[in-house]
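Each chain, letter by letter, is given below.
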Amino acid sequence: MAVSTRRLQKELTDIKRDGTPVGIELLSADDFATWYLSVEVLGNTVYEGEKFALKFRFDSQYPISAPAVQFVVDGQYQAPIHPHVYSNGHICASILSTEWSPVLSVVSVCVTIQSMLASCKKKERPPDNDRYVSRAPENPKKTQWDFHDDDV
Amino acid sequence: MTDPQWVPTVQDLRVKLCYICREEERYDSASEYLILPPSLPGLTLPSRTEPLAISLDIPSARLPNPTSHLAQDPEDPPRAWTHPCSCTLVAHESCLLEWIKSAQQDSSRAGNALKCPQCGATYELESDNPRILRLLNAVNAGLSAAGKAATVVGFVGLTATFGFTLYVVSTSYGAFAVKEFLGEEMYNVLLTDDPSVWPWHAFIHLPIIPFSLILSRTRLFDTFPIVPLFLTWSSSPPARATSPSSSLWTFNRTGAPYAPPPLSWPPTPIMGMILFPFVRITYRRFFNKLTRFVMGTHADAASRDGGPIRRVIWALNENGPAPLRVRIGANIQPVAGQAVPRAGGAGAQDGQGEPAVPPEGEGNNNLPDDPAAVAERTLHVTTSSLGRFVGGALLVPTISNRMGKLLYHLSQYLPWLRAFLAIRDRPANVPAQVGLFGAPVGNSHSPLRQIGAHLATGINIMFGGTPTWNAQDPVWWRNTVGLGLFVFAKDCVRLLHLYLTKRELESRKVKNRSFAGVDIRELDLINPPPESNASSTTEPQPAPAPDVTA
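Quick mapping for you: the protein sequence lines, in order, are chains G and W. Going by the UniProt record's numbering, the first sequence opens with residue 1, and the numbers climb by one from there. Going by the UniProt record's numbering, the second sequence opens with residue 1, and the numbers climb by one from there.
Treat each hint with caution, since some may be false.
[Stated by the list, open to error] Taking lysine-lysine and the DSS-like style, the derived pairs with C-alpha atoms no more than 25 Å apart in a straight line are:
no., chain 1, residue 1, chain 2, residue 2
1, W, Lys115, G, Lys141
2, G, Lys142, W, Lys148
3, G, Lys51, G, Lys16
4, G, Lys142, W, Lys101
No lab work stands behind these hints: they were computed from the structure.
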């Protein structure tokens, strides 16, 4: 069995046994390749009342290689308007590329993104949104991110 | 154990949970069910044995065990554990090495490769890293830097010289290459510095030379001849007429075809051209065998020798935006895909307790685990600069020239080498001339005999060479031999580098540390020291199981 499958199995068991942190729900985990989780930012924030969905894609090298994480953009869900979130759902967050570590997990990524949203004061798209979205690869892991902000 | 100064190590943990794969290992799989969960302190012996009995005949994964998510079968063979930092994270050594290896291959992540994600402590690696490997790595890094500079210069140069200028530049480079490769003397006879006397084919041949040199380094054009391209000049007539008489390419003696000595040394350029592919293939085979022997690996890694570059994405600027990246080699994906199952098999065979990567899934991340392959990958990622690649290709004529000169100097002291290289200090006085085409061979002969004579001349030229060539010091021959020696030496250095890198990867160990500085009460120990026993009334710690200490 692939290492990624065993590890994801454990994460799934953990989620099913201990539940997920407040505001985070497992939407679907039908296989060990793609999972969907929903994220809500609780409390008094600019995203009050909004619900977002995160799509996780894993390759067989997970957790050595980072999962591909993006916001779902479809009829039901939209990407949050945030300086580090592009309108196609791609997220500019260092923990998803260079700062990824196997100590992180699906839930901890969700929590990080939740707190990234919670700390946002002003809803706005990244300045290069249109340029990026027009030529972005389908998989956000294929993007070379340039992290200009340390407070992500 | 009761020593108050006692510092536990990873071996003293009752439950070890690898922070990478999340597999856990318990001190004793049987004790797992004997140790009572703290919430059930009053359980009596009969009910204790009950779950134990169950655990013997049903799969352990289905046991209702409150502390483990998926109870583990004891691993076979057990994997080594390590505690590499100053916090409570522990991991399988193999998992950690895998993570370090993969992180180090990516320059943007390399900084985090040896850092604990939780406490930030730096992992200490111990490995067999001899000075020569460090030197080779430094040279490699230096060449990569030079390659990067060459890329920038080359890119600017290419853009600036596009179109006609490109033609002129590549033609002059071709002429330069011919001069370097064939030697100045031969160059002055065959080509000269004056383009007005060049034969017409020079204007096709010369500009092709730089491109074919570059292409010949890619596996795609593996059979593309480098040396033969120079040797096509062998059948070319001299560019500069020495006698103003009729056609230089004719000779008006009798009808006898030109007959050089039957077995001339060095081999004629045309023979060289014919033999070149065979020599090349034989050498490749030989070197692949050597590589396999040295690396103790499968043929696959070795067969990529010489052509690894096509699998690599060249980054013109490693941290640059995506459009600046050049991807060369159409067969990147199939090759990677093929490599995976085979290498996976090899990984399983060498039985180091490392899980072989299953041949499922796709993507570039799914690469073999085999140390030899990893060693190769580690090198190739750093050698992937376009400039280094192209620059290396264009240096070939100069390298052969220098190597030829070196051989020439050596031959001053070694008569046998001099004989082998057939060094001639000055050209023969009067170069004989060959009537290859349309020469009036004599009126007395029938057309059939004329054809026969021409055929004989052709065959003679093939085996004996043209007089122009025979008359000159065969610089091309010692340059070819020199280039061969250089390629061999380069391959050997590369193999040594690969071998040392592989040995370094294989011998890696993460330095294990004790839990010094960590609050012992945070740890779930097999044999907690007495003071933590006292605190176990307040902390939800499982009581030590007295019956399992033996």
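Against the structure, the hints:
1. Lys115(W) <-> Lys141(G): holds (22 Å)
2. Lys142(G) <-> Lys148(W): holds (22 Å)
3. Lys51(G) <-> Lys16(G): This hinted pair holds, its Cα atoms lying about 21 Å apart.
4. Lys142(G) <-> Lys101(W): Holds, because 20 Å separates the two Cα atoms, which is no more than 25 Å.
The structure is consistent with each of the numbered hints, conforming to all of them.
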